[in-house]
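Q: Put together the whole structure using the sequences plus the hints.
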Amino acid sequence: MQTSNKRSGAGAAKHFAQEGGSSEVRHPKRFGGLRFVSASVLLVTLLLAANYALALCLEPYGGVTEVTWWAYRQAGDELDTVFVGNSRTDASVDVATFDEEAGTCSISLSTVFQSLEDSNTAVQTALKEHDIKRVVLGVSASTFSTGRHIQSSSTFTQAKALGESPVDVVSDYARLLTSDEFFCNDKSITSLMPWTYSHVPYDVASIRQNVRNRLTFDNPIDANRNIVNPDFWHVDDRGDRYIDGEADFSWFGCTVRSSGSYDEYLEDNKREFVRFLDMCAQHDVRLYVVGVPVQFYDLVSQGKHYPEQMGWVKSQVEAYGGTFLDFNMAREGTYAYEDADWADIHHINLGGSKRFSAVLARELMRIESGEDVSADFYSYDEWDGFMADYDRIYLVGFSAESCDGGLSAELWSYAGTRVAVEYEVSVLDDATGEYEVVSPYGSSAERTWPMDAEGTYTVRVAARHVGADVPFERECIRTDVTYLA
Amino acid sequence: MSIASLAFALFVFALLCVYYVVGRVARDGQWMVLLIGSLGFYALQGTPVTMVVLVSVALVTWLAARGLKRLDEVAAAKRKDASDRKDKKLIKQRYQRHKRVVLWGSLAVCVAILSYFKYWNVLLCYLRVTDDPTSLGILLPLGISFYTMQSMGYLIDAYNGTCDIEHNFARHLLFVSYFPQMIQGPINKRSSLGPQLFARRRMDVQDIRRGLLRSGYGMLKKVCIANVLGGTVSKLLTSLESPAMPGSLAAYAVLLYSIQMYADFSGGIDMVEGVSELFGIRMAQNFKQPYFSTSLANFWQRWHMSLGAWMRDYVFYPIAVTRPFRSLGKWGTKRLGKQVGRSLPACVANVIVFTIVGIWHGIEAHYVAWGLFNGLIIAFADLLKPVFDKAARLLRINREAALFHAFAIVRTFVVVNIGRYFDCIPDLGVAVSALGRTFGSFDAGAFGTALSTTGISYPAFCGVPPLVLVVCLFVLVVSVLYERGTDVREAIMGWWLVPRLALYVAVGVAIAVSFGLETVSGGTFLYANF
Chain A
6 MQTSNKRSGA GAAKHFAQEG GSSEVRHPKR FGGLRFVSAS VLLVTLLLAA NYALALCLEP
66 YGGVTEVTWW AYRQAGDELD TVFVGNSRTD ASVDVATFDE EAGTCSISLS TVFQSLEDSN
126 TAVQTALKEH DIKRVVLGVS ASTFSTGRHI QSSSTFTQAK ALGESPVDVV SDYARLLTSD
186 EFFCNDKSIT SLMPWTYSHV PYDVASIRQN VRNRLTFDNP IDANRNIVNP DFWHVDDRGD
246 RYIDGEADFS WFGCTVRSSG SYDEYLEDNK REFVRFLDMC AQHDVRLYVV GVPVQFYDLV
306 SQGKHYPEQM GWVKSQVEAY GGTFLDFNMA REGTYAYEDA DWADIHHINL GGSKRFSAVL
366 ARELMRIESG EDVSADFYSY DEWDGFMADY DRIYLVGFSA ESCDGGLSAE LWSYAGTRVA
426 VEYEVSVLDD ATGEYEVVSP YGSSAERTWP MDAEGTYTVR VAARHVGADV PFERECIRTD
486 VTYLA
Chain B
68 MSIASLAFAL FVFALLCVYY VVGRVARDGQ WMVLLIGSLG FYALQGTPVT MVVLVSVALV
128 TWLAARGLKR LDEVAAAKRK DASDRKDKKL IKQRYQRHKR VVLWGSLAVC VAILSYFKYW
188 NVLLCYLRVT DDPTSLGILL PLGISFYTMQ SMGYLIDAYN GTCDIEHNFA RHLLFVSYFP
248 QMIQGPINKR SSLGPQLFAR RRMDVQDIRR GLLRSGYGML KKVCIANVLG GTVSKLLTSL
308 ESPAMPGSLA AYAVLLYSIQ MYADFSGGID MVEGVSELFG IRMAQNFKQP YFSTSLANFW
368 QRWHMSLGAW MRDYVFYPIA VTRPFRSLGK WGTKRLGKQV GRSLPACVAN VIVFTIVGIW
428 HGIEAHYVAW GLFNGLIIAF ADLLKPVFDK AARLLRINRE AALFHAFAIV RTFVVVNIGR
488 YFDCIPDLGV AVSALGRTFG SFDAGAFGTA LSTTGISYPA FCGVPPLVLV VCLFVLVVSV
548 LYERGTDVRE AIMGWWLVPR LALYVAVGVA IAVSFGLETV SGGTFLYANF
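First to last, the sequence lines map onto chains A and B. Using our numbering, count along the first sequence one by one with no gaps and you end on 490. Using our numbering, count along the second sequence one by one with no gaps and you end on 597.
It is worth saying that the hints were derived from the structure and are not from the lab. Worth double-checking, as some hints may not be accurate.
To spell it out: a stretch of chain A is covered by chain B in this simulated footprint if at least three of its residues, at any positions, have a beta carbon under 8 Å from a beta carbon of chain B; those stretches are [unchecked claim]:
hint, stretch
1, 38 to 44
2, 193 to 200
3, 445 to 457
Covered stretches of chain B, as calculated for chain A (at least 3 residues, CB under 8 Å) [what the hints assert, rightly or not]:
hint, stretch
4, 68 to 81
5, 92 to 106
6, 118 to 126
7, 159 to 169
8, 484 to 498
To give an idea of the chain B side of the interface with chain A (calculated C-beta under 10 Å), a few residues [claimed, not checked]:
hint, residue
9, LEU111
10, THR114
11, GLU467
12, LEU564
Ideal Cβ positions, reconstructed from N, Cα and C, are used throughout, including at glycine.
A: Given below as structure tokens:
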């Protein structure tokens with residue numbers, strides 16, 4: 006064992022080879038302290054430069070969070086309403102429709118996977134820089150059950166930094182890096198490199214297109230329209246985001262069994278929510294916390310947890326002088342979404358957001374004119390009645406696996422509590438293009454049927470009310486059912 | 068606190084600054100800085116209960132070692148006063164018995180603490196007292212296996228008189244709680260780690276450079292290979308529960324697990340060894356290119372070496388020299404010949420040792436089977452050595468030839484991976500079934516279809532993105548260089564600045580890209596569970 010202060014030159018050092026056991030080695034060149042510091046500074050500079058260059062090449066120019074904050078920076082002084090929340094809120098609210106109905110001037114600072122902490126930051130920024138009269142926070146169960154998401158928070162911080170003072174930028178990043186969720190794990194490192202999560206495809210054409218967009222377009226909204234791999238978010242002229250397309254209800258019934266399950270509300274989120282309410286109360290703005298539309302299956306799978314937990318949210322909002330409206334509990338005639346309103350299992354599409362935003366604006370304006378709108382909504386005490394009043398089969402799904410000599414399937418559906426469902430299983434015959442019934446209509450939720458040959462099959466499960474005189478009311482089709490003998 | 072986090076980097080940086088500043092101004096204060104840092108690190112990781120467990124283990128072993136020394140002193144004094152040889156012998160025997168009681172008593176306390184946290188809930192589950200192996204909510208304190216074994220090793224050394232007895236409890240507590248070893252080892256010996264912890268040292272740039280290089284290499288393995296493959300391996304192994312999955316998929320899953328396990332464990336060890344080197348302290352070596360082993364016994368001399376050394380010193384040798392084992396050797400020589408007589412006690416001891424190694428990993432049946440598999444293979448290889456030697460002579464096989472060396476490496480890799488079925492598949496029945504399918508119905512043709520049903524990430528690359536392959540290749544090259552005796556770190560440090568910086572930037576970018584490819588959370592290590 007040696008102590009370093011007794012070394013004279015390189016030769017005295019005794020080191021273990023990394024994996025190769027102990028060995029006496031001589032340092033090829035003694036590295037002085039100053040040289041080490043210089044080389045370290047050079048290395049850090051190179052790493053930062055590489056990070057910057059990779060961000061320019063790989064991070065999509067015109068991503069939706071970047072657009073969100075760019076649009077905010079362009080907004081005029083007349084801004085009076087701000088929407089915050091996660092992607093469900095962003096997709097559900099069409100600010101143009103809302104403004105048209107309510108006569109307001111709004112901006113949505115909602116972003117994908119936005120945490121309550123980031124909602125808080127967004128609202129604080131808007132309150133500091135504009136004369137905001139109205140704050141609308143869109144919530145769903147996932148708002149409270151999901152932890153802070155690194156990709157969302159780092160892109161949020163990065164996008165917010167554009168156009169900010171250096172002091173605010175440093176303060177935002179310091180808060181991000183030292184936040185409880187990231188400080189003690191590798192997210193604290195990757196939060197400085199959002200391109201590692203959010204990037205164009207790793208191919209030359211995509212990277213070239215992205216760089217070209219940076220050089221060609223002087224704002225992220227125009228770039229967004231030329232973005233490489235634009236997933237399903239689109240941007241209108243004023244920077245508001247929307248989703249196109251319609252959900253295929255015959256497919257996603259199979260995917261929601263796990264994603265729709267109930268998750269406990271996180272204590273950190275509850276604390277952050279109370280902080281948010283307190284901050285709004287202190288700024289003397291009208292606060293609306295709105296339960297944005299989630300699909301009926303989501304409510305069913307949360308069961309009685311939903312009214313219990315949302316009941317807590319409502320009580321907190323009211324304690325801080327805000328207004329809580331849950332549009333998932335709206336009575337018939339107030340608001341009800343249609344299949345065509347959904348872009349996917351979580352998000353409302355453009356048409357749906359226009360319908361929802363018009364209803365939301367009308368309800369808020371009625372409240373501001375002094376009307377009581379509570380009769381438009383079921384209370385959480387009426388949960389059982391609400392579930393019983395729902396008379397549709399909302400969704401059907403199944404899982405299938407190989408069993409002895411065939412396939413076995415577990416079937417499920419999401420429907421009102423008084424609805425009795427029956428199922429039929431059929432398999433696509435590739436030769437004829439027709440579905441062949443392998444298990445006829447019946448109430449059993451477990452089915453098995455024989456298969457002749459190994460392979461991947463298309464299986465369809467149809468569902469209807471027991472005894473209904475229609476071929477089916479809902480169906481679920483899977484093209485990836487594999488049979489292995 | 069994950070080792071790959073800003074918090075850990077700041078913690079180490081702050082501790083380093085204080086450590087070396089204190090080294091300048093105080094003659095004997097650096098170890099106290101390490102102690103405070105280590106306890107602080109541990110306090111941040113766990114709960115008050117885990118801290119109490121750590122201090123309790125340290126206290127028991129410290130008191131017991133002091134007790135052993137006191138007994139030696141009393142015995143020596145009494146023997147000095149005794150007049151005849153018979154009395155001296157009786158005194159020696161009596162105090163030896165007392166020492167044994169102290170040793171076994173304190174070892175029993177340590178094992179009981181370890182067993183409670185590691186096995187109690189699982190045992191209750193096996194006995195069907197509870198349905199869930201986590202039902203009692205007993206959280207395994209971080210590093211409990213490693214620091215308990217290290218403490219027990221110190222105690223046994225103290226009993227044997229092969230190490231200095233520590234009089235200062237705080238110094239002993241530092242030996243037990245030294246923070247880099249708390250995550251996943253290695254298991255250090257008092258005689259090698261102790262003097263380093265308590266020596267005064269000044270900052271040496273070479274140590275810092277070597278430490279950073281090693282940590283960076285470890286992080287490359289951990290992030291670019293282990294974390295990217297983790298989710299894929301997990302899904303593949305889960306899919307093996309279906310009896311319809313072909314043997315080819317089982318073999319692929321186990322192969323990827325082998326790569327992931329090596330990258331995770333050796334990567335993590337490199338990271339903590341590198342951190343320790345920043346303080347000028349070199350911990351026990353834990354890996355020596357294990358997948359270049361030429362036999363299973365050789366593999367265990369290269370994989371988790373500190374555990375192997377612990378088992379050798381504190382279990383294997385003590386067992387092998389007991390009277391029953393000596394008798395077994397004599398019986399074997401008389402009945403089965405000289406060679407068998409010489410090997411038999413070691414073979415039985417090996418089976419026992421590896422069964423304990425299996426149980427150390429977990430009390431579940433699959434771990435016991437894994438330990439037994441390793442012990443039996445090593446035992447039979449030893450017993451049948453004369454047969455193999457004779458066969459090689461008859462077939463005129465040159466065992467020194469490079470081709471045979473390569474064959475031995477491949478053969479050992481296959482044997483190690485057969486054992487891995489029991490290690491990585493948590494249900495023994497499924498493990499046996501998967502192994503049976505690998506040899507009975509390999510069915511390479513069904514591999515693609517089966518793989519598509521597992522839901523793995525990067526299905527186009529069979530779950531292994533090209534970057535992982537590149538990094539694996541890099542690790543292979545580095546391993547070959549080490550195997551050939553090159554100290555790669557020294558070589559890199561001797562490079563010209565530009566290629567050296569280019570290498571560092573490339574490694575940094577690879578790690579950054581891999582963060583985005585991760586299929587498991589990067590904070591934990593597989594061996595932290597043990």
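Q: Checked against the structure, which of the hints given earlier come out wrong?
A: Checked against the structure, the hints that fail are numbers 3, 5, 6, 7, 8, 10 and 11, while the rest are satisfied.
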